[in-house]
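Here the protein sequences line up with chains A and B, keeping their order.
Position in the first sequence (from 1) plus 520 gives the number in my numbering.
Position in the second sequence (from 1) plus 520 gives the number in my numbering.
In case anyone wonders, no lab produced these hints; they're calculated from the structure.
All of these numbers come straight from a predicted model, not from anything done at the bench.
It cannot be assumed that every hint is accurate.
Treat identical chains as interchangeable: a pair holds within one or across any two.
Said to hold, decoys possible - Here are the simulated DSSO-like cross-link-like pairs (lysine-lysine), alpha carbons at most 30 Å apart as the crow flies: (1) K624 <-> K1089; (2) K918 <-> K941; (3) K540 <-> K597; (4) K634 <-> K597.
Protein chains: 2
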Amino acid sequence: MTVQAKPNSVTTGPIIGSQKIYSAPVGHPDILVPFRQVMLHPTAKEPPLQLYDTSGPYTESGVQIDLDAGLPQPRAKWLAGRDFTGSTGRIVTAADNGFTPVDKLVPLCPAPHKILVGQHGNPVTQYEFAKAGIVTEEMIYVAHRENLGRHQAHAQAAAFRADGEDFDAAIPDFVTPEFVRSEIAAGRAIIPANINHPELEPVIIGRNFLVKINANIGNSAVTSGAAEEVEKLVWAIRWGADTVMDLSTGRNIHNIRSWIMRNAPVPIGTVPIYQALEKVGGEADKLDWEVFKDTLIEQAEQGVDYFTIHAGVRLGYIPLTANRVTGIVSRGGSIMAHWCLSRHRESFLYEHFGDICDIMRKYDVSFSLGDGLRPGSNADANDAAQFAELETLGELTKVAWEKGCQVMIEGPGHVPMHKIKANMDKQLKVCHEAPFYTLGPLTTDIAPGYDHITSAIGAAMIGWFGTAMLCYVTPKEHLGLPNREDVKHGVITYKLAAHAADLAKGHPTARLRDDAVSRARFEFRWEDQFNLGLDPDTARNFHDETLPKEAHKTAHFCSMCGPKFCSMKISHDIRDEAHRVAGLVAQREAFKEAGGQIYIPAADAAE
Amino acid sequence: MTVQAKPNSVTTGPIIGSQKIYSAPVGHPDILVPFRQVMLHPTAKEPPLQLYDTSGPYTESGVQIDLDAGLPQPRAKWLAGRDFTGSTGRIVTAADNGFTPVDKLVPLCPAPHKILVGQHGNPVTQYEFAKAGIVTEEMIYVAHRENLGRHQAHAQAAAFRADGEDFDAAIPDFVTPEFVRSEIAAGRAIIPANINHPELEPVIIGRNFLVKINANIGNSAVTSGAAEEVEKLVWAIRWGADTVMDLSTGRNIHNIRSWIMRNAPVPIGTVPIYQALEKVGGEADKLDWEVFKDTLIEQAEQGVDYFTIHAGVRLGYIPLTANRVTGIVSRGGSIMAHWCLSRHRESFLYEHFGDICDIMRKYDVSFSLGDGLRPGSNADANDAAQFAELETLGELTKVAWEKGCQVMIEGPGHVPMHKIKANMDKQLKVCHEAPFYTLGPLTTDIAPGYDHITSAIGAAMIGWFGTAMLCYVTPKEHLGLPNREDVKHGVITYKLAAHAADLAKGHPTARLRDDAVSRARFEFRWEDQFNLGLDPDTARNFHDETLPKEAHKTAHFCSMCGPKFCSMKISHDIRDEAHRVAGLVAQREAFKEAGGQIYIPAADAAE
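Can you make the complete structure from the sequences, with help from the hints?
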């Protein structure tokens, strides 16, 4: 095990072929929302394509990143205008860092961090603002972001309402701040945004918005340190992770998190029970409400945006897992099951759920109600244990809303295709349309090493059916801790799954990017095809393996079919031929022989 | 361009952890069907898991492969019993090898090859035998293969009828030769099996059987030679390709094919128009019926098992593609469209379709009716051109059946998720339930470099809906010719998609493998988990990246969570605890507090 010193470098600079821009919603010149523009070849005769951008300041051109100083704080001014009080915060203890010996201690991130606490009576959470009819800056921000920076007039002019099947979602052509507010007030969407995370670029999670993806990072007891984790964060958001969960366990957990939080432009989620367990020496039966409560406050003060809380793992449900093929596979779920069973007591998370809400509300930490009893194999999918817990999560959702908190619900896991929709339908019903946040699901168990793919199938489907955020799975799932390359592979795989879901739902802007790629492909604008894709570097490298010369970047073929067999080239010849024929009106009749089939006049055909 | 000499070595030997076996159906000791058995750790207390095996003699232990001699001929004896006549065959011309100069000519495979031709009046094709009520050896073979070697009594004892949604398919618990015959007679399934391919291990393609996958190989004008192509074949079937299409173009095409055919245990498909085009110097408008007919006979004599024939690209449909974003993207389709348009004539493939049937029947070459107008982008999915052609393919299916031929139908392509099912439903209807054979479909266009995944999503779904065979897509799709690693990646990806489809359809044996993996996972039998998966080598390498020691192969954790956080380890502790509690009857009452939730007695819980 190597614990590394403080992080000192991360990947910066634009994605090749793109530039970062910031755009303000009409009437809000101070609210600057980031986008990525893909620059196209002049022959394209198209404006740059504007893309949603999760990568933060790291992809600005010529950016200087100082991890010690932390990121700029777009939310600081907004938060300053709200009724919060300052706090000196709790004292950091040796337990917070897993009792790391001093010589192995990663230093705390020195970026200045003022701790804020919300008050009773005044709105603190986005849910409370929404319920009070107040549109926050975060809501204005995410509306502009979801519109890809388009203004209403522009959106209505440019939009085609793509066909799609949205299963009774209510996706608008243009997202207004008021629509955002109403969705949050209804509990159908959340903006995970701790008031102690001013560096955040807000993002909305809900089924009437673009499908989001989460990437997990985190050291485990056997590998990796601080530098690696911060770079994994920056790397994951570079390729499109909308949120990042820090699932660290082991030593230095508090201090590594300080580096992550101060340098994270995306919402950060954690599973506080992991750290609580470290504080009691890894023995689950020593956990109690006090150590858990202390951990919630510690992490909330640091700025964590959402907590996975496994409060649905009730004592009475544990025996329902006894005959499963793979038992309990959620780490948090198994810890809590162990606690309940060894003490023969109801879960302290369940019993203290109201107290947990009170703490989380004060900082606007969103709930991600954990699915501690999710199936770990296709054999266990949709069983009594899983659905009993889901019903409890629905019950807890109402409690959290009453307390003013934002809530999303975690879902499985491992589910064969024919059982996926039942998960979504049941979740919508019993959890009152709170956003669903699923891991995969994996649609078969026979492909260790390829579970990013077995799960992308399920993820695309459940995203289509209504899941708001998809937790990625990397090729290393079930086998080991993902490295940098695995993180990228997982993120790209989930981006394409989320986008496939947006397309199928008929999201009004989704097809713009597909069509831009397809036009580039048909017009042999190879560089544009690479740059418009999710991973320009890999696409370019694959192409260049067999045709490395610059001249081939405008060639009207690739090595797959070669010049004589390129169907797209022949298609162009056909259009040219059709065009030539257009002048020969007499010949047009000859085309009509084809048994009553429609023949489009060649003048149109040549377009 | 490098043209290599004759192939001299290929990958041989068992997949790690497995052994090849041959098993005979009851009452047919001469019919030896290959399977792969995965050997499990003694602690598993399970028999070896028997798997479908496409890899041919290459994976026998200690096998000696002599490519010059060709493979053993399991079908030779069966074919000898039928009423065929010998033929000296047509004369191979310089055109057959693309006019390759003598010094660059790959030699012909010297394996002995007697050419057979079927007669009028007597059954030749599997379809004709089936219609005549005759069960062939091929039918007996594939029945045993589909059952994974189980006998009827054993199958009924062991089978659980897995839940599933099969969309009105009719998947039996146990496949009998008579069921195979009836499915072939109904046109719902085919066994592509040219009478000149005695080396074949027969395979059945139909929606009431296991979903199959095809891998494409083939040199293009800019890269690769004979040795590479034979190794790609062997490599593709090693990882599970059920059929292989040789899409070669360019020089040496006839002679390279001779090496492939004599060393292929799987059905080989081709697109004869590619070679025909080479014979006329690459100029589509010089194609005619005579050169095409000559090519059909040439390839049929060599033993090709199925031909893609783009006879549905009719003159009148071409203008329907004029306003598409990506025009015509099928190579064969674009060649024929070019021919039709430049001559202002109906397709000679359509006009000579009856003649084509007569030739293909004589050798039992199956039709794969090509979708020359398939969409090349999500924008063009399910459009008028695509569906007009599909209806024509349905009309041609009936003609081919009347002529005694076996038929399957090719399908798209690029289709967003919400438009996939309409493809399957329409194909079943207009093509009279002839097996569907689709390329993907890709569910989004934004991920060049990852199109094996964008398409695996669509492939798994359309396989579930009823597609009988899935044509793989590699990571290099749209970018370049796949290499060996890409072929493996494509095959594994499609195997998992096909298997996910089998699971969702409720195929009675499909879940056996998933459950075996899950049990191995839960019991920390790491080697078993690797070996039961689709790619033991990759799974093992991923695991060993962080935990390389032999001792870690039995460790009750991996580097993902580390020892303290392994949920499966905790699950075992929970079961142990539950077991301990079982003796303390008095304590049982304490568990009942959980608000009316079911509590399973701990004695059951500990199982």
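Original post:
When no copy is specified for K918 and K941, does a C-alpha distance of 30 Å or less occur within a copy, between copies, both, or neither?
Top reply: within (23 Å within a copy, 37 Å between copies)
Original post:
Which holds for K540 with K597 at a C-alpha limit of 30 Å: within a copy, between copies, both or neither?
Top reply: within (23 Å within a copy, 69 Å between copies)
**OP:** Check K624 against K1089 for me: Cα-Cα at most 30 Å, and say if that holds within a copy, between copies, both or neither.
**Re:** between (62 Å within a copy, 29 Å between copies)
**OP:** Give the relationship of K634 and K597 under a CA distance limit of 30 Å: within one copy only, between copies only, both, or neither.
**Re:** So K634 and K597 pass the 30 Å test inside one copy only (13 Å; across, 85 Å).
Of the numbered hints stated above, none is contradicted by the structure.
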